[in-house]
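There are 2 protein chains.
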Amino acid sequence: MSFSRLLPPAFALVLVATVAFGLTARPARADEGMWTYDNFPAAALRDKHGVEITPAWLDRVRTATIRLANCTASFISAEGLILSNHHCAASCLAQISKEGQDRLQDGFIAGTREQEVRCETQYADVLMRMENVTDKVTAATAGKDLKTANDARKKVLTQLEAACEKAAGTKDPRRCESVSLYQGGQHFLYHYKRYNDVRIVFAPEYAVAAFGGDPDNFQFPRWCLDMSILRAYENGKPAATPNFLKFNWDGPKENEVVFVTGHPGSTDRQLTTAQLKTQRIETPFWLQRAAELRGRYIQFSKTGAENDRIVADPLNSLENSIKVRRKELDTLLDDSMMAQKVTAEGQLRSRTVSSGGADPWADIEKAMHRDEELNVPFTFIESAAGFNSALYRYARTLVRGAAERAKPSEDRLREYSDPALPLLVQQLNAPVPVYPARDKLTLSFGLERMREYLGPDHPLVRNLLAEFSPDELAASLVDGTKLGDPAVRKQIWDGGQAAIDASTDPMIRIARMVDPYARTVRKQYEDEVEAVVDAGQEKIAAARFAALGTSVYPDATFTLRLNYGTVQGWNEGGTQVVPFTQLARAFERSTGREPFRMPDSWTAKRDQLDMNARFNLSTNNDIVGGNSGSPMLNAKAEIVGLVFDGNIHSISGSFWFDTAKNRTVAVHPAIMRVALTQVYPAQRVAAELGLAK
Amino acid sequence: MSFSRLLPPAFALVLVATVAFGLTARPARADEGMWTYDNFPAAALRDKHGVEITPAWLDRVRTATIRLANCTASFISAEGLILSNHHCAASCLAQISKEGQDRLQDGFIAGTREQEVRCETQYADVLMRMENVTDKVTAATAGKDLKTANDARKKVLTQLEAACEKAAGTKDPRRCESVSLYQGGQHFLYHYKRYNDVRIVFAPEYAVAAFGGDPDNFQFPRWCLDMSILRAYENGKPAATPNFLKFNWDGPKENEVVFVTGHPGSTDRQLTTAQLKTQRIETPFWLQRAAELRGRYIQFSKTGAENDRIVADPLNSLENSIKVRRKELDTLLDDSMMAQKVTAEGQLRSRTVSSGGADPWADIEKAMHRDEELNVPFTFIESAAGFNSALYRYARTLVRGAAERAKPSEDRLREYSDPALPLLVQQLNAPVPVYPARDKLTLSFGLERMREYLGPDHPLVRNLLAEFSPDELAASLVDGTKLGDPAVRKQIWDGGQAAIDASTDPMIRIARMVDPYARTVRKQYEDEVEAVVDAGQEKIAAARFAALGTSVYPDATFTLRLNYGTVQGWNEGGTQVVPFTQLARAFERSTGREPFRMPDSWTAKRDQLDMNARFNLSTNNDIVGGNSGSPMLNAKAEIVGLVFDGNIHSISGSFWFDTAKNRTVAVHPAIMRVALTQVYPAQRVAAELGLAK
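Here the protein sequences come in this chain order: A and B. According to our numbering, the first sequence is numbered sequentially starting from 1. According to our numbering, the second sequence is numbered sequentially starting from 1001.
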């Protein structure tokens, strides 16, 4: 649950890109700031809080911090044990479940090392090096027109990634990813060590992991044991990870300085006002579709226990995203926020743009109008919201993968370049369950809304639905396809274009038919929006660097950041919120009905547990979705919390940092100790963490 | 389907009230304008179009125009025959259906007069007189503080209504309703003759009435036979209505002047910019709930034919409202619209407000912030979105009705005053079906969202859901109540407060428990929002009258209006849309699957029908939801169309009139003639309309 504003998959285009700081975006004061490790404001920290952070501290923490596919995590033992949130392992728990054995709801404890089960689509990355390649990227695009420059930028990034991975060799291989910071003001190659065998070791029941469910999500006070324990493997054995982080089981004091290391997914604090207004228009479009899908899932879940089980994981993710977007929209419609952005932008703009000269803000504004026009077809066709189905996504990967692999790596769509293929193939071939009933639901929904928004006379819609209802088409595709079988997917993938051409699989046929439409709208978007915005951003970034240097931090990009703050509550409408909760109140608040039900494992032991044990805590760290699973550290780099959420005000952090009210919410170590030593039969894990029962 | 943006029931408060014209709102040019019959711009019409409209013409048309509970209609025979839309009769068709006999889907034809079936909750009002009572209302509030004035205004309106009905006597009784025009600048009593026995005579199949369904809703070109025929009865016999309107079956020519008489429901063209911004915030809240309910209905409808049938009518209404609100939100987020409003408001305001003096715009803006705070509790508790269930609405009417009837009429909540009671009792006692499965769905949904938005720790939520899940509570209330039986409702109503106090019906108990919470938030809203807004509006109206007099028209209030326009298409992105469609294309566009399926009755006769018969037409009349069912008339007051929708641009008509693109969509008389004489066995009705087969 909670802070897993899931990132777009690596291959999804993000429609609204981001732009550099307004001039009056003062160098971060308060404890605001998602700092890159190469630009951490150690001096400011020392001045304000009297805490010294050394380069060695930074290296140690960096190499113990993990990026999962969708979250953050950290090493907590020398044998590859990993701490993250329950909601970060939710997909894995759903994948290893089956009818009558619901790991997501009931939890999972591996009694022996042999019982640790692989999470087929998960991986763990550790950032080993940050290489600045700004000059190379700039040189590749210099002097070119916008569209050509945009294509050239993609090409050189693929080339740089491939060269980096080749140089690392195969003995200690690296995954190299290009990273754009400061809205294109800096380009980096991030060198990761990747563990692609990650197994689940421990997870509590959903009822206590997400106690309070969606109603309590993004709330504090809170009582969630939102934790899971995984393990990284190499060559079939637990990975050696001597540089792990230790727990301080007593946790931090109020006002103590604490650090959050992790991968904040995405912030939009530096968008131009034109881009914010576009979000104001496009967010309700997303929310309406999400709300309807939520209703369909909920009603479907009432038709039987198994149906309830198979939609639980996507429904939880969806509800989390709905809450995020809903509060983001509130912020976007907040006149005081917009007024501050207008002022800041006006200052930098008037300083930068000479009369009659180039005006990147105006260029971006024009591109945003085009963005608004393209948003509906792009969403339904290229982002495939009209074909909302796991089976369709397989088909589309196969169809595109065949076409793209026939080209040189750097000429492909970026998500099919050679460096991107290993993970793509891992996920394509992963033997994870596919649920036909669920796919029919989502696919029918997608088709029906696509017809509504594109209109029944759109040629693609006519092609698809001239003779079938959305329900009929969805049923015939899902029932007819064989792509639920990983072996079939592998065979088609390995067969390349010939296998695609020869396939009579109905889902492959549909994906083949849709692909030209999708490529067309994608190219329109890239040429008419992305190319203009990227070029505009670069110019604005240059103006901003001239004014402020790197005394500010870049917007979040699901890359490694460190921030500091202190343990504290806040003032909510005149009432001071205390920064710690205790176990006793969780039992008092339990109604016995989902989502306010303490599970039997806890109620059975209730009399033996310390009711004063601290459960969750709040701090003023500056985080955002993607930071889920981040370790919270004290000045000694000991774990004193496990970040899993923010309070409701934290959602406005997408656009600005509200010092007074934006708070991070974490699991307290004390409740994790209670869980591992008193509630669950988890002696093996507890011992590995140095806990005697 | 379509243009039935259903009005709030008479007793529902509308959260955002409306305010007077900005100064630069130029006297209506083009063919814009929803004119009251006492202020129709006959001279302007003569100058522009050379058409003469006499007072006799106006009287004739006025007394042939009907206000239904939710729509407009007109008399079309001397024996009470009424023409309206299919979607205006949809609730009636659903009410007279049962499992295995679906009148909404399959249509209805009364072969004899005896087979005409009463629509239990329907009525037909004809406006007989408009009495200006502005002076009396103003006198009642003069010199009072805002809250007291607001209470006094309600009281005097109830007194005036009661006195008017008493004066009319019982021989030819009148229903007297107070009407506020020009945002409180004028107050009227409208005297209606009411027919409360309305029966269904003819309706085609849903498939052709709403051909194209939701995807085509608010679109043109279009092919919908959105018609129904009803009949007014008095004393058990067809009403004598000699002043009926005749058809011109050949319809109008392109560019011919046409008139629409009817009851546009609600426009917000004169809101202050502060009020518009509040709508911008509150509309997404509505849309998200509506979209989720849509998803729940759709998924429920897939679980069986009977379940499909029982949600069809509310789902259609909901989808229509979603489309309206969605496009309204687009307009509210349109910077050019807002800029024009800001300019107009600034001019009137700077002319009106002296430095340091009273500023009604500022007062309203402050009240709007309070409105935004109260919106969530008001919506869930007082508007009962948290208790979304027909059975709960009965319970609440009974609980409140008992408490209110114990007071003098003018001290009651207005919807329980003596003049309001006859209709309220008719609807309470109407023997219409209640569907427990549907009520459980909507009630569970309401409770779940109320918990989400008010929070699990809100005292009302805690009271309700401390021991039950929303599903459990909904099931126990719906299964336990006896209020589905009209006799039980009548008994409790007649038993007054004693019957309420003694009742052990679970729905009555819940309504009793909720009522204090609901009254509290309603009073907060009335005192802190409504009172301030109404007073501010009166001041702005006075300023506007000083500048413009009545050379402009008041916002729509579901009261009788007349407007003129011409038959024409529009230019859509460079393509000229032709204003007429023909029968041939409907068949070509039929896929055989809902919602693009011409029914068997039509396909069976296809070879015998004139494929060039005109089907629908578009005009530039200025209408809005509530005008559904309006007759479209030529200069001779002959029916040349049946209004049922607008094009997609017409939805922005809530806020401004887009001369270039806002179009009305109507059923052409030619297709009605084909239907009545060639397709359906409707000889009896056809003969009454003067049509030989």
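Please keep in mind that the hints were generated in silico from the structure rather than gathered at the bench. No experiment lies behind these values; they were computed from the predicted model shown. Take the hints with a grain of salt, since some may be wrong.
[Said to hold, decoys possible] So, partial list: chain B residues that the calculated Cβ filter (under 10 Å) puts toward chain A:
hint: 1; residue: D1334
hint: 2; residue: M1337
hint: 3; residue: E1472
[Said to hold, decoys possible] No more than 27 Å apart at the CA atoms, straight line, and that leaves these computed lysine-lysine pairs for DSS-like:
hint: 4; chain 1: A; residue 1: K327; chain 2: A; residue 2: K277
hint: 5; chain 1: B; residue 1: K1327; chain 2: A; residue 2: K366
hint: 6; chain 1: A; residue 1: K277; chain 2: A; residue 2: K323
hint: 7; chain 1: A; residue 1: K277; chain 2: B; residue 2: K1366
hint: 8; chain 1: A; residue 1: K482; chain 2: B; residue 2: K1323
hint: 9; chain 1: B; residue 1: K1323; chain 2: A; residue 2: K277
hint: 10; chain 1: A; residue 1: K366; chain 2: B; residue 2: K1482
hint: 11; chain 1: B; residue 1: K1098; chain 2: A; residue 2: K323
hint: 12; chain 1: B; residue 1: K1366; chain 2: A; residue 2: K661
hint: 13; chain 1: B; residue 1: K1098; chain 2: A; residue 2: K277
hint: 14; chain 1: B; residue 1: K1098; chain 2: A; residue 2: K302
hint: 15; chain 1: A; residue 1: K327; chain 2: B; residue 2: K1490
hint: 16; chain 1: B; residue 1: K1277; chain 2: A; residue 2: K323
hint: 17; chain 1: A; residue 1: K327; chain 2: B; residue 2: K1327
hint: 18; chain 1: A; residue 1: K136; chain 2: A; residue 2: K482
[Stated by the list, open to error] Ranges of calculated distance between the beta carbons of each label pair, as one might list FRET restraints:
hint: 19; chain 1: B; residue 1: E1467; chain 2: A; residue 2: N243; range: 42 to 52 Å
hint: 20; chain 1: A; residue 1: G111; chain 2: B; residue 2: K1098; range: 56 to 66 Å
hint: 21; chain 1: B; residue 1: D1527; chain 2: A; residue 2: K661; range: 21 to 31 Å
hint: 22; chain 1: A; residue 1: V51; chain 2: B; residue 2: D1527; range: 26 to 36 Å
hint: 23; chain 1: A; residue 1: S336; chain 2: B; residue 2: D1106; range: 31 to 41 Å
hint: 24; chain 1: A; residue 1: H369; chain 2: B; residue 2: N1255; range: 33 to 43 Å
hint: 25; chain 1: A; residue 1: P173; chain 2: B; residue 2: E1467; range: 54 to 64 Å
hint: 26; chain 1: B; residue 1: T1575; chain 2: A; residue 2: H369; range: 53 to 63 Å
hint: 27; chain 1: B; residue 1: Q1683; chain 2: A; residue 2: A305; range: 48 to 58 Å
hint: 28; chain 1: A; residue 1: A660; chain 2: B; residue 2: V1425; range: 30 to 40 Å
Every residue gets a Cβ at the ideal spot worked out from N, C-alpha and C, and that includes glycine.
Outcome of the hint check:
Restraint check, D1334 of chain B versus chain A: the minimum CB separation of about 9 Å is within 10 Å; hint holds. The restraint placing M1337 of chain B at the interface with chain A is violated, with a minimum CB-CB distance near 13 Å, outside the 10 Å limit. Taking 10 Å as the C-beta contact cut-off toward chain A, the hint placing E1472 of chain B at the interface holds, the least distance being around 7 Å. For the proposed pair K327 of chain A and K277 of chain A, the alpha carbon gap of about 15 Å is at most 27 Å, so the pair holds.
For the proposed pair K1327 of chain B and K366 of chain A, the alpha carbon gap of about 22 Å is at most 27 Å, so the pair holds. Under the criterion of a C-alpha separation no larger than 27 Å, the hint pairing K277 of chain A with K323 of chain A is consistent with the structure, at around 20 Å. Under the criterion of a C-alpha separation no larger than 27 Å, the hint pairing K277 of chain A with K1366 of chain B is consistent with the structure, at around 24 Å. Annotation: proposed proximity of K482 of chain A to K1323 of chain B is violated, straight-line Cα distance about 38 Å (limit 27 Å).
Our distance criterion of 27 Å between C-alpha atoms is met by K1323 of chain B and K277 of chain A, whose separation comes to about 22 Å. A C-alpha spacing of about 61 Å is found between K366 of chain A and K1482 of chain B, which places the hinted pair above 27 Å, so the restraint is violated. About 40 Å separates the Cα atoms of K1098 of chain B and K323 of chain A, which puts this hinted pair outside 27 Å; it is violated. A threshold of 27 Å between alpha carbons decides the hint, and for K1366 of chain B with K661 of chain A the separation of about 24 Å falls inside it, so the pair holds.
Proposed proximity of K1098 of chain B and K277 of chain A is contradicted: the alpha carbons are some 49 Å apart, above 27 Å. At most 27 Å may separate the alpha-carbon atoms for a hinted pair to count; K1098 of chain B and K302 of chain A meet this at roughly 25 Å. With a C-alpha separation of about 45 Å, the suggested pair K327 of chain A and K1490 of chain B falls outside the 27 Å cut-off, and the hint is violated. For the suggested pair K1277 of chain B and K323 of chain A, the alpha carbons sit about 22 Å apart, so the restraint of at most 27 Å is met.
Distance hint between K327 of chain A and K1327 of chain B is fulfilled; the C-alpha atoms sit about 21 Å from each other, no more than 27 Å. Pair hint K136 of chain A plus K482 of chain A does not hold up; C-alpha atoms about 45 Å apart against a cutoff of 27 Å. The beta-carbon spacing between E1467 of chain B and N243 of chain A, approximately 50 Å, falls within the hinted interval of 42 to 52 Å. Between G111 of chain A and K1098 of chain B the beta carbon distance is about 59 Å. The supplied range of 56 to 66 Å therefore holds.
Between D1527 of chain B and K661 of chain A the CB atoms are about 29 Å apart, so this pair conforms to the stated range of 21 to 31 Å. Between V51 of chain A and D1527 of chain B the beta carbon distance is about 52 Å. The supplied range of 26 to 36 Å is therefore violated. Between S336 of chain A and D1106 of chain B the CB atoms are about 56 Å apart, so this pair departs from the stated range of 31 to 41 Å. Between H369 of chain A and N1255 of chain B the C-beta distance comes to about 34 Å, which sits within the given range of 33 to 43 Å.
One distance hint, 54 to 64 Å for the beta-carbon pair P173 of chain A and E1467 of chain B, holds here, with the actual separation near 57 Å. Between T1575 of chain B and H369 of chain A the Cβ separation comes to about 21 Å, which falls outside the hinted range of 53 to 63 Å. Our hint of 48 to 58 Å for Q1683 of chain B and A305 of chain A holds, since their Cβ atoms are close to 56 Å apart. Checking the proposed 30 to 40 Å range against A660 of chain A and V1425 of chain B shows it is violated: the Cβ atoms sit about 54 Å from each other.
The structure fails hints 2, 8, 10, 11, 13, 15, 18, 22, 23, 26 and 28 (numbered hints given earlier, in ascending order).
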